[in-house]
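A.B. asks: Spelled out from the first residue to the last, the chains are:
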Amino acid sequence: MSDQLSAQDLMAAFGISLEEEAVGEPRGVMVIAETTSGAVSEASLGALGLAREIADTFGARLEALLIGGGEESAQALIRRGADAVLLAAAPAECDAAACSSTIASAVQARSPEVLLFGGSDSARDVAPRVAQRLGTGLIGGARQVRAEADERLVVGVVPLFGGRLLGEFACPAKRPQAILLADGAGRIPSEDASRQGEIERLAA
Amino acid sequence: MDFTFSEEHEMLRDMTRKFVDNEVKPLARQIDEEERIPPELMGKLREQGFFGIPFSEEYGGVGAGETGYCIVLEEMGRGSASVAVLLAAHTSIGVMGIYLDGTEEQKQKYLPELCSGEKIAAFALTEPGAGSDAAAIATTAVPDGDDYVLNGSKLYITNGDIADVVTVFAVTDKGLGVRGGITAFIVESSMPGFSRGPREKKMGIRGSGTCELFFKDMRVPKANVIGKIGLGFVTAMKTLDVGRLSLGGACVGACKELIDLSIQHASQRVQFGEPIIRKQAIQWMLAEMAGDTFAMESMVYRAAWMCDQGIKVSRESAIVKMVSSETLDRVVDKAVQIHGGMGYMQDYPIEMMYRDARINRIFEGTNEVQRMVIAGDLARKGRF
Amino acid sequence: MRIAICVKPVPDLNTAYVSKSRAELVEQSKRVPNPADENAVAVAVSLRTEGDELVVFTVGADTAVDALRRALAMGVDRAYLIDDPAAQGGDALADATVLAAALNHAGAFDLILCGSNSIVANTGQVGPRIAEALGIPHATRVTVVAVADGTVAIERAGALGAAKLALPALLAVEPGCNTPRLPNAMAVMKASKKAIERPSVVDLGLSPDEVGEAGAAVRLRVVELPET
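Residue numbers (this note's numbering), protein chains in the order written: chain C, 1 to 204; chain A, 205 to 588; chain D, 589 to 816.
Any given hint could be a false lead.
Claimed, not checked - Here are some chain D residues pointing at chain C (derived, C-beta under 7 Å):
#1 606
#2 608
#3 633
#4 684
#5 746
Hints are computed from structural coordinates only; laboratory data are not their basis.
None of the values given here were measured: they were computed from a predicted structure.
Glycine included, each C-beta is placed from N, C-alpha and C at the ideal position.
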């Protein structure tokens, strides 16, 4: 947990309220967790591992948005590093438009500064729609990510021209900085049964 | 002076190159060995519109002009001289006479099917007793009612084995000879009295069909006379003037391909401790091949441009034909030498290209005839 | 039906090479249509029936014209080239914004096709982004397409399986899902006469800060050689 007070915290402390527009800066890392056959997918667990590293570097909270999973999956995410889990019902036939709508609403409600997706066909279907809805950038196909503390920036390394070159991309201004990992680029974290965290059900 | 090709010409080249790489090159050796172009490939050539490249869209052609046509032949020349010659004999001389001197009715009747490749054309001037001395032809055409009756034979006619429509030159007035005595006719292979001899077995361009044509009391309607009666020789010369140019195009393609193959070979062949491309003897050969080819290419496309502008190109096309065929012979000879033993083996395309090249100095008017044309023009004009 | 295809001009990897000293791709020939986008054009052409109109859209400079002409030679009727300098150098967000605006500007389309990913960075964002901007359903990695009665039935590569979408919809097609036919000589000559419209960013109702480099959210900071 971070000792840093956000601008919002400070202003609240001094009783200064701001106009609706000037909300406090986005904070926190959100990772999208998909389920396959009732359990959190490996790709999502891999993304969780990297999300935890980013959160630790920034001193930020890590929330997992779990699509279509229940208590058990939520607990699994907490054991593996999430500070909190938001449960969202999966639209009956997870069509990309409905899914991305769900995710975008959650992002708008929670204002994370970083949004991470594990690499999968469904994530590639959904993440770009989410990013367009939010008017933000998406670093896609990242083989590696690197969190830069002073700038609070996540740099994604992406193969270019079929791997002939590598590009380092970042999203300096728009928020959240969305990253979609390449398949298998995550790092599945180990379980820590002692970890505690909040589970919240998102309003439909 | 803008030396760039137009967008459509670049696209035409690109498309033809891809076609040749995918459909022609893989069959080149088979075409040489089996001495025929497979029907499936003929079908694809038709589909791609290769039989009507220079002709106006008004008559079912592609409308790419002489420049577009030289581009297509250049790319074909990289893959198979037999295929290039099939297209060239059909287009440059087979159809060209009708296109240049035919009546509107004749053009509407014959050109659409010829441009689509449904029907194949040939040009029949040469006879056993009349090669370079084309004026010595003996095939006769005697008027009878609404027809002319043709008797005689033609020799070494390219596409003769498959042609449906043949431009035939016959004597209508022996006394007048070249000036006023020869007439050009559109002959259909279905006309009674038309027959073909067996295909010749040749040194090269073995996939291209060459044979004799025989006319026995063959009736050809008067409506099928091209241009004016007695002025057939003018049609023949006009047609050959344009036709010779495109031969240069095919030679350019063959030279470029030979250079590319030679560079590849020399870069891989290691002797005396290094790739032979590092040896001066080879470098000199490649440099000369490149110099020759650049000159040839520049000349061909300049002449094609002149042709497309409507400028008469008699001397220029004779020069193009003479210089291109002699250049190709030098380039292919060096290519064989660079490849060494491999240049002699049928495992590689070089020996086939060597055999294919030799005809260029002979057909479409021997290089001796070209020299006569050039010198005659120089003498007439009194200067270059 | 009105069918739109989005085509991205990309370096020709058959002739380009990597300069080790400058860590950059050196292009040696004209830009070509992204292969998966060519597959998308081929799908559009195969779906075409009497009276349909096919329009291709590209963001690029004059170097994109060749790629457009190739799409036109494959059977597309006309082209939109957004060559406004303000629209160049954008990321997926900026490009999708421009393309969606251009699609709207050109009228309603029943079907929008594009490649599922490009040979540049292979991330496949622009198709889904355009669909979001237009508020229509989309599918990626599409391999088979059949249109009937205002819906499109598709098959997809990978984990996603078959589906049915209501039109209008956007389909991002899998590279290699078909073999585009070589245009014939007649189509090549016709292509050079087909119209290429060049609307400006202002014509499309956008402001310069939404598009191009100014509108890009993601920046490329460094290009390096791969490790091995």
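A.B. asks: Now look at each hint and say whether the structure bears it out.
C.D. replies: Evaluated hints:
no. : hint : in the structure
1   : 606  : holds (5 Å)
2   : 608  : violated (10 Å)
3   : 633  : violated (25 Å)
4   : 684  : holds (6 Å)
5   : 746  : holds (4 Å)
Going through the hint list in order, the structure does not satisfy hints 2 and 3.
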